[in-house]
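Participant: Chain by chain, the residues:
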Amino acid sequence: MTETQTLAHKSTRQERGDVVELREVTKYYGATAAVDNVTLAVGAEFYSLLGPSGSGKTSLLRIIAGFAGIDRGQVVIAGKDVTRVPPYRRPCNTVFQQYALFPHLSVAGNIAFGLKEEKLSKMEIQSRVGSVLDLVQLAGAEKRSPRELSGGQQQRVALARALVKRPKVLLLDEPLAALDAKLRKGMQIELKRLQQEVGISFVYVTHDQEEALVMSDRIAIMRGGKVQQIGEPQHIYDNPASAFIADFIGQSNLLAAEVLGVHMGGIAIRLQPGALATVSGPPAKIGSKGRLMVRPEDVKIARLDASEPGDGLVGRVKSQAFLGSSTRFEIALPDHSQMIAVRDRSHTERLDPGDEVSISWPPRAARFFPDEVSAP
Amino acid sequence: MSSFDFGSGRHTTLWTYFWVYIAVLYLPLAVLGIFSFHNSDHLGLPWQGFSTKWYEVALHSSGLLDALRTSLVVATLTAVISTVIGAAAGIAIVRFRFPGRGLLAALGLAPLAVPYLGLAVALLLTFVTLGIKPSLATVVIGHSVIAIPYVLLLVATRAAALSESIEEAATDLGATWLHVILRVQLPAVRPALIVGAVTAFQVSFDELYLSYFLTGFQPTLPVYFFSSLRNGELVPPALALTTAVSVVLVSILVITWVVVGRHLTKGLKTVPRKVSS
Chain G
2 MTETQTLAHK
12 STRQERGDVV
22 ELREVTKYYG
32 ATAAVDNVTL
42 AVGAEFYSLL
52 GPSGSGKTSL
62 LRIIAGFAGI
72 DRGQVVIAGK
82 DVTRVPPYRR
92 PCNTVFQQYA
102 LFPHLSVAGN
112 IAFGLKEEKL
122 SKMEIQSRVG
132 SVLDLVQLAG
142 AEKRSPRELS
152 GGQQQRVALA
162 RALVKRPKVL
172 LLDEPLAALD
182 AKLRKGMQIE
192 LKRLQQEVGI
202 SFVYVTHDQE
212 EALVMSDRIA
222 IMRGGKVQQI
232 GEPQHIYDNP
242 ASAFIADFIG
252 QSNLLAAEVL
262 GVHMGGIAIR
272 LQPGALATVS
282 GPPAKIGSKG
292 RLMVRPEDVK
302 IARLDASEPG
312 DGLVGRVKSQ
322 AFLGSSTRFE
332 IALPDHSQMI
342 AVRDRSHTER
352 LDPGDEVSIS
362 WPPRAARFFP
372 DEVSAP
Chain L
90 MSSFDFGSGR
100 HTTLWTYFWV
110 YIAVLYLPLA
120 VLGIFSFHNS
130 DHLGLPWQGF
140 STKWYEVALH
150 SSGLLDALRT
160 SLVVATLTAV
170 ISTVIGAAAG
180 IAIVRFRFPG
190 RGLLAALGLA
200 PLAVPYLGLA
210 VALLLTFVTL
220 GIKPSLATVV
230 IGHSVIAIPY
240 VLLLVATRAA
250 ALSESIEEAA
260 TDLGATWLHV
270 ILRVQLPAVR
280 PALIVGAVTA
290 FQVSFDELYL
300 SYFLTGFQPT
310 LPVYFFSSLR
320 NGELVPPALA
330 LTTAVSVVLV
340 SILVITWVVV
350 GRHLTKGLKT
360 VPRKVSS
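Taken in order, these protein sequences are the chains called G and L. Every letter in the first sequence is one number past the one before it in this note's numbering, and letter 172, counting from 1, is 173. Every letter in the second sequence is one number past the one before it in this note's numbering, and letter 200, counting from 1, is 289.
It is worth saying that the hints were derived from the structure and are not from the lab. Keep in mind that the hints are not guaranteed to be accurate.
Sample of chain G residues with no beta-carbon within 12 Å of chain L, all distances over it, derived [said to hold, decoys possible]:
| hint | residue |
| --- | --- |
| 1 | Tyr-29 |
| 2 | Ala-101 |
| 3 | Leu-139 |
| 4 | Pro-147 |
| 5 | Gly-187 |
| 6 | Gln-197 |
| 7 | Glu-198 |
| 8 | Val-215 |
| 9 | Asp-248 |
| 10 | Ile-250 |
| 11 | Leu-277 |
| 12 | Ser-289 |
| 13 | Asp-299 |
| 14 | Arg-346 |
| 15 | Glu-350 |
| 16 | Pro-354 |
As a list, the in silico SDA-like pairs of lysine to any residue whose alpha-carbon atoms are at most 20 Å apart [said to hold, decoys possible]:
| hint | chain 1 | residue 1 | chain 2 | residue 2 |
| --- | --- | --- | --- | --- |
| 17 | G | Lys-123 | L | His-268 |
| 18 | G | Lys-120 | L | Gly-263 |
| 19 | G | Lys-120 | L | Ile-230 |
| 20 | G | Lys-117 | L | Pro-276 |
| 21 | G | Lys-144 | L | Pro-276 |
| 22 | G | Lys-186 | G | Glu-211 |
| 23 | G | Lys-301 | G | Ser-281 |
| 24 | G | Lys-120 | L | Arg-272 |
| 25 | G | Lys-301 | G | Leu-352 |
| 26 | G | Lys-319 | G | His-337 |
| 27 | G | Lys-227 | G | Val-343 |
| 28 | G | Lys-183 | G | Asp-209 |
| 29 | G | Lys-227 | G | Tyr-29 |
| 30 | G | Lys-81 | L | Gly-263 |
| 31 | G | Lys-183 | G | Gln-154 |
| 32 | G | Lys-117 | L | Gly-263 |
| 33 | G | Lys-227 | G | Val-77 |
| 34 | G | Lys-117 | L | His-268 |
| 35 | G | Lys-117 | L | Leu-267 |
| 36 | G | Lys-117 | L | Glu-257 |
| 37 | G | Lys-117 | L | Val-162 |
| 38 | G | Lys-81 | G | Arg-24 |
| 39 | G | Lys-117 | L | Val-269 |
For each residue, glycine too, the CB sits at the ideal point set by N, CA and C.
Okay, chain G solo, but in the shape it has when bound (with noise of 0.2 Å):
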């Protein structure tokens, strides 16, 4: 059997399971939880740790991988308690930030470690390090060493290295942070596909949310130590459950704004500029204060037809930036906020900087975020 062979077969019995189980698992550095309270379960899916320097991602990761105690909760990989369990003897492996290949043996050598430990046989070793560097494509580099590598080869190394033992979880800690832009959007789609080849679970920790879109079967956010959101990219991108999530996916504008009344439709705010406006969402407390989220592209603009006035949002274009396949405008608003708007090539009607413009969205589109009344 080919590795994929091997590895895909072994992971069809987890595959409508959970292969990784969080309960509740909290840890403290002194007086802070890194992780505060995580309850999640990851199948045999590519699964995202999403979230900004400090919100825990990385510590979540390494306490999956056992190189971090918890204070309280589980840790279940395929069925069985791992908490007390060291790294040594987990189903899972890591593949580091830094790769960290061991630089006095040859890409050989570094695959085989996990295999010596093992103590397989000789043929064994040699037949599964050579199906893995089929795998990721760096057949005939066996005999190389570490420093005579690019770093995207490097990279390949370390996963198959950690490929190569047949986790049940492979464990990535933003492996793609140290390459150049063209040769991380190469890597994302690569990663992308071997984990469908594969079809084990990938963990995978990122800040960068553009990524985590792009490779991710589900994306779990995390802020401050705890999950914030998880689910599919699209399904969090349409609907973030808090202006932070809104903000920090994608683009979004955020206006503040004041509930006015709950009806059958939606939800009536006013806009500190003073415009009234329907949005979705669940319902709010009458005049409780929040931000109004819509992203750039359901903004629709157009020239202010002053024979018409009205009681929506008016503002006057800053700036305009042509992208290409689409344009953006930054729109000035009567409080001296602002707005982006996105237009596609469909729109053909011009408009200039300083012109006054007319705004409004779909009340579908928009979104209402009361403001957090205390920081817990």
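Use these hints to put chain L onto chain G, whose structure you have.
Facilitator: Same frame as chain G, but now just chain L:
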């Protein structure tokens, strides 16, 4: 060995200075080497002819040969002991975190700051107080103390340059702590171990002060030579032997550094900086 760019031009002044410096350093030794072939026991001009007779005398002088053997034994033992202790300390200080780490580093390097003569007297007093008589063992202990810092520095420098997740990677792949040390850390610093051992050997071999105080009835070669200065007869043969041995040792040192030295920095941190997350 290094990729330092000295810029264009042949830098004649710099090279001239370099060779003059080397000459000033080594000419006196060369002179002594020449006089080991002097056909007279007078260490000065006029030149009385070329002869290898002193080498013959040296080869038949049991006292001299014994001293040589003692030096070789002591140096080898010192090399082994200081490499083991120095490497362990060097790796521990740089790759692990534990309370007292700074103290260990300071202690490990302290002998470099101590005048060897003072150290020699202090060690002798300590041994005498403990009832231990001067012997080969005491000399080896003394030499190891001064050689350990060299090994420690060499190994620690190289160990520090290793990728920071290397131990975790090994553990992740199934290695217990013992295997992490034996299969990853030690092999990764191997060039430093070799150079460190050779350096410790050299430091021990030509060490005079500690040996003088701590040696029992078996003098090392430098001690023997030093003592022989009082007895004019012994000088030329001792000189001859010392010259021969020096040539051998310097050659070993040079070859080791040239061959292994270039591997001291190779193959390290091949990946650019860590992106904080």
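Participant: Determine which of the earlier numbered hints do not hold for this structure and return their numbers in increasing order.
Facilitator: 2, 4, 19, 27 and 37
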